[in-house]
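Using the sequences provided together with the hints, build the complete structure.
Each step along the sequence shown adds one to the number in the numbering used here, with nothing skipped, and position 181 is 182.
Rather than coming from a laboratory, the hints here were simulated on the basis of the structure. Where a beta carbon is used, it is the ideal one built from N, C-alpha and C, also for glycine. Honestly, I wouldn't trust all of these hints.
[To be verified] Cβ pair distances, simulated, as ranges:
id, residue 1, residue 2, range
1, Q138, D103, 37 to 43 Å
2, N134, V45, 38 to 44 Å
3, S160, Q122, 45 to 51 Å
4, E152, K20, 32 to 38 Å
5, S71, G26, 36 to 42 Å
6, Q182, A56, 48 to 54 Å
7, L135, N157, 26 to 32 Å
8, R66, K44, 17 to 23 Å
[Claimed, not checked] With a Cα cut of at most 20 Å, we get these calculated EDC-like pairs of lysine to aspartate or glutamate:
id, residue 1, residue 2
9, K167, E120
10, K82, E52
11, K90, E116
12, K150, D76
13, K20, E186
14, K72, D132
15, K166, D145
16, K167, E116
17, K142, D132
18, K194, D169
19, K167, D144
20, K37, E52
21, K100, E116
22, K62, D76
23, K96, D33
24, K166, E133
25, K44, D61
26, K72, D144
27, K189, D169
28, K196, D169
29, K90, E34
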Amino acid sequence: MIVVGLTGGIGSGKTTISKCFASYGIPVYIADEEAKALMNRSKVIKRKLVELFGASAYNDKGLNRPYLASKIFNDKELLTKMNAIVHPKVASHFKRWLKKQDAPYVIKEAAIIFENNLESQYNYIITVVADENLRIQRVMKRDDASKQKIESIIANQLSDEEKIKKSDFVIVNNDLKVAMQQAEEIHKKILQKLK
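What follows is the structure in structure tokens.
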């Protein structure tokens with residue numbers, strides 16, 4: 002099965018572009034959503050996260066995301082430890098999901114493909130980019146987050162220029178109509194390559 006990675010910085014519009022591919026009948030796996038679901042569902046992950054972060058890692062609603070975010074925000078070592086707990090589980094969940102798919106290819110949306118050196122797991126990689134100010138506005142609206150917080154997240158991610166160099170395809174998502182046309186062209190190109 003051909004696996005196409007879809008990546009991009011925070012607020013670039015990865016999820017919107019994923020929906021374009023889904024509308025062409027391409028199965029889409031959103032790694033962040035699956036990770037959140039597994040962090041609430043898996044007893045093993047829960048136990049290990051409580052060992053790492055303490056009892057406050059979970060509250061009566063499940064995963065205490067604001068608490069975890071505050072802990073890992075400026076602590077790369079804690080983030081690495083958390084990823085070491087969660088990522089292998091997401092990877093095996095993806096493998097099981099992949100076996101059930103029947104399509105020319107699948108899309109796996111993941112924010113930090115390049116940051117984690119995971120390029121080898123994909124046949125092709127699409128990077129979604131957008132102007133930084135637009136990205137900041139989108140995330141402020143979506144997450145009710147401060148401009149300062151979003152800027153520091155952007156600063157921690159690989160630059161768009163670096164991602165573009167490592168990508169097979171690029172979608173510029175400043176104008177949704179144009180971005181959707183680019184997604185359709187890429188879809189056709191991938192199908193062409195598979196012939």
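Verification of the supplied hints:
Restraint check, Q138 to D103: a C-beta distance of roughly 39 Å satisfies the suggested window 37 to 43 Å. Checked against the given bound of 38 to 44 Å, the beta carbons of N134 and V45, roughly 41 Å apart, stay inside it. Restraint check, S160 to Q122: a C-beta distance of roughly 22 Å breaks the suggested window 45 to 51 Å. The given range of 32 to 38 Å is broken by E152 and K20, whose C-beta atoms sit roughly 27 Å from each other.
At about 40 Å, the beta-carbon gap between S71 and G26 stays in the expected band of 36 to 42 Å. Our hint of 48 to 54 Å for Q182 and A56 holds, since their Cβ atoms are close to 50 Å apart. The hinted window of 26 to 32 Å between L135 and N157 is violated, with their beta carbons roughly 19 Å apart. Distance hint check: the CB atoms of R66 and K44 are about 19 Å apart, consistent with the given range 17 to 23 Å.
Between K167 and E120, the direct Cα distance comes to roughly 9 Å. Compliance with the 20 Å bound is thereby established for this hinted pair. A threshold of 20 Å between alpha carbons decides the hint, and for K82 with E52 the separation of about 11 Å falls inside it, so the pair holds. A C-alpha spacing of about 19 Å is found between K90 and E116, which places the hinted pair at or below 20 Å, so the restraint holds. Annotation: proposed proximity of K150 to D76 holds, straight-line Cα distance about 15 Å (limit 20 Å).
Between the alpha carbons of K20 and E186 the distance comes to roughly 15 Å, so the proposed pair stays at or under 20 Å and holds. Annotation: proposed proximity of K72 to D132 is violated, straight-line Cα distance about 29 Å (limit 20 Å). For a cut-off of 20 Å, the pair hint linking K166 to D145 is broken: about 32 Å separates their Cα positions. Between the alpha carbons of K167 and E116 the distance comes to roughly 11 Å, so the proposed pair stays at or under 20 Å and holds.
Of the supplied pair hints, the one linking K142 and D132 holds, its CA atoms being roughly 16 Å apart against a limit of 20 Å. The hinted pair formed by K194 and D169 meets the criterion: a straight-line CA distance of about 12 Å does not exceed 20 Å. This hinted pair does not check out: K167 and D144 have alpha carbons roughly 29 Å apart, beyond 20 Å. Distance check on the hinted pair: K37 and E52 sit about 18 Å apart at the alpha-carbon level, within 20 Å; holds.
Restraint check for K100 and E116: the C-alpha separation of about 26 Å exceeds 20 Å, so the hint is violated. With a CA separation close to 25 Å, the supplied pair K62 and D76 exceeds the 20 Å bound. Note on K96 and D33: the hinted pairing holds, with a Cα-Cα distance of about 15 Å set against a maximum of 20 Å. Annotation: proposed proximity of K166 to E133 holds, straight-line Cα distance about 18 Å (limit 20 Å).
With a CA separation close to 15 Å, the supplied pair K44 and D61 stays within the 20 Å bound. For the suggested pair K72 and D144, the alpha carbons sit about 18 Å apart, so the restraint of at most 20 Å is met. Restraint check for K189 and D169: the C-alpha separation of about 14 Å stays at or below 20 Å, so the hint holds. Distance hint between K196 and D169 is fulfilled; the C-alpha atoms sit about 18 Å from each other, no more than 20 Å.
A hinted pair counts as satisfied when its Cα atoms are at most 20 Å apart, and K90 with E34 qualifies at roughly 13 Å.
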